[in-house]
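Following the hints, complete the assembly by docking chain B onto the known chain A.
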Amino acid sequence: MTEAEFPQCRIVTERLLKPETVEKILNKLAVIPGIRRIVINGPSIPQKVPYGPARGLDNPHSGRATIRVGETDVDLRVQVGTLLLELETRDIVSQIEEACKEVFTNFSYSVKEGRFMRSTPTQVDYAKFGPDANEIMLGLVDPKNKTGPTLIQGHK
Amino acid sequence: MAYTPQYGPGQSVVAENRRKQMNPNVKLEKMRNVTDEDIVLILGHRAPGQAYPTAHPPLAEQGEPDCPIRKIVTPTDGAKAGDRVRYIQFADSVYNAPSQPYQRTYTEMYRYRGIDPGTLSGRQIIECRERDLEKISADLINTNLFDPARVGIRGATVHGHSLRLAEDGMMFDMLQRCILEGGTVKYVKDQIGTPLDKKVDVGKPMDDAWLKANTTMFHSLVGTAYRSDAEYIEYIQRIHSLRTKYGFMPVE
Numbered sequence: 038m039t040e041a042e043f044p045q046c047r048i049v050t051e052r053l054l055k056p057e058t059v060e061k062i063l064n065k066l067a068v069i070p071g072i073r074r075i076v077i078n079g080p081s082i083p084q085k086v087p088y089g090p091a092r093g094l095d096n097p098h099s100g101r102a103t104i105r106v107g108e109t110d111v112d113l114r115v116q117v118g119t120l121l122l123e124l125e126t127r128d129i130v131s132q133i134e135e136a137c138k139e140v141f142t143n144f145s146y147s148v149k150e151g152r153f154m155r156s157t158p159t160q161v162d163y164a165k166f167g168p169d170a171n172e173i174m175l176g177l178v179d180p181k182n183k184t185g186p187t188l189i190q191g192h193k
Numbered sequence: 090m091a092y093t094p095q096y097g098p099g100q101s102v103v104a105e106n107r108r109k110q111m112n113p114n115v116k117l118e119k120m121r122n123v124t125d126e127d128i129v130l131i132l133g134h135r136a137p138g139q140a141y142p143t144a145h146p147p148l149a150e151q152g153e154p155d156c157p158i159r160k161i162v163t164p165t166d167g168a169k170a171g172d173r174v175r176y177i178q179f180a181d182s183v184y185n186a187p188s189q190p191y192q193r194t195y196t197e198m199y200r201y202r203g204i205d206p207g208t209l210s211g212r213q214i215i216e217c218r219e220r221d222l223e224k225i226s227a228d229l230i231n232t233n234l235f236d237p238a239r240v241g242i243r244g245a246t247v248h249g250h251s252l253r254l255a256e257d258g259m260m261f262d263m264l265q266r267c268i269l270e271g272g273t274v275k276y277v278k279d280q281i282g283t284p285l286d287k288k289v290d291v292g293k294p295m296d297d298a299w300l301k302a303n304t305t306m307f308h309s310l311v312g313t314a315y316r317s318d319a320e321y322i323e324y325i326q327r328i329h330s331l332r333t334k335y336g337f338m339p340v341e
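Chains as they are written, first to last, in the numbering used here: chain A, 38 to 193; chain B, 90 to 341.
Next up, chain A with everything else stripped away, as it sits in the complex:
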């Protein structure tokens, strides 16, 4: 289980973000030492049309893009509206706020501290990962999805 002592924070923007803006903010966050995990959240953009008479057709969408964070390619599957961060120390919150201030210039945003990520496995987590699940995976990716999290080279 994720240790409760790691502080977490949540960034919520007034608008849903374009992939370019997500790339910008993630690159700003990636260079801040002390961020353990980042979850990007928002409404899903499916690869294929999920319902209706056109079900199964390809779904070209500019929001479903590949962005580059540091040296790693990240495939976006959602239109990002919320970022959850797990930090090693509370001291870096001011740096996160600074990064947000530089990127989100045209609309407002909020940075809140609290507990936002899952700390105990759900039934689906247990079914997928078993009793010895890697704690760091919990709440990081959808357990039903085959693709895992993206690892970004850190500073340590």
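Derived by calculation from the structure, the hints in this document are not laboratory data.
It should be emphasised that the depicted structure is a prediction, and the values quoted were computed from it without experimental measurement.
Do not take every clue at face value.
Taking beta-carbon pairs under 8 Å as the criterion, some of the chain A residues facing chain B (in silico) [unchecked claim]:
1. PRO87
2. PRO90
3. GLY118
Listed next, the stretches of chain A that the computed footprint assigns to chain B, with coverage defined by at least 3 CB atoms under 8 Å from CB atoms of chain B [to be verified]:
4. 53-61
5. 78-84
6. 95-103
All C-beta atoms, glycine included, are put in the ideal place defined by N, C-alpha and C.
For chain B alone, coordinates are given in the frame of chain A:
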């Protein structure tokens, strides 16, 4: 004494807009000019220029039974020709879209004949005979009931009306049926999400001031707050009170 409908209570601009949309004597304001061919493309029910497929022979040919109601009610053009029943569906953003599902249904019931509207929380569908539908759709898209950015024409996968807007002011659409390009909104897919051969331009998104002045939705953050309309509050409280007391002693 002749009855004059009031259409709805309220003193706010939102209430006034609601009354204007519902009242069939008020002409809807024409805002844009999307051609009939483009509307056929967005609807996606038939190819432009194709004859209307039929569900039954024209009424004149099929021999109507002797029925007093049929003598009173004149059939619409679509019914007369035996057209199929087809639909258009709209999703209206909560951020000051010009209309909203209940309002759309009231408006359409006051203004059009031979329709079957379906009202849901985030979307509103209207079903009718195909050639009637195209005429009604042209009205709904070309007038002040529509905004290219805050209203979506979505036959399926409508999710987005209550979500935050995108950075460019467009309502979220997981199928991205329309895109903002060069300041105007263009449909690249029809209402169910099948890609179109050509982009259909539906005009410029309206600015925030226009939307705020022409919306029929209350919104305490971006528009007119519901609580600022005392008459509306009084009306809704009266309805609530009567509904609650009803069955016990429905008197005021």
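(message) Quick check: do three or more residues in the stretch 95-103 of chain A have a beta carbon closer than 8 Å to a beta carbon of chain B?
(response) It holds: at least three residues are needed, and the stretch 95-103 of chain A offers 5 whose Cβ sits within less than 8 Å of chain B.
(message) Given PRO87(A) as an interface hint, is its Cβ closer than 8 Å to any Cβ of chain B?
(response) Constraint on PRO87(A) satisfied, holds at 6 Å.
(message) Using the nearest Cβ pair, does GLY118(A) come within less than 8 Å of chain B?
(response) Result: holds, 6 Å to nearest chain B Cβ.
(message) Tell me whether the statement that chain B covers the stretch 53-61 of chain A is true, taking a Cβ distance below 8 Å and needing three residues at minimum.
(response) holds (count 4)
(request) Check, residue by residue, whether the stretch 78-84 of chain A contains three or more positions whose beta-carbon lies closer than 8 Å to a beta-carbon of chain B, and give the verdict. (result) holds (count 4)
(message) Under 8 Å is the threshold here; is the Cβ of PRO90(A) close enough to any Cβ of chain B for the hint to stand?
(response) Where the cut-off is 8 Å and the nearest Cβ of chain B is about 5 Å from PRO90(A), the hint holds.
Consistency note: the structure conflicts with none of the earlier hints.
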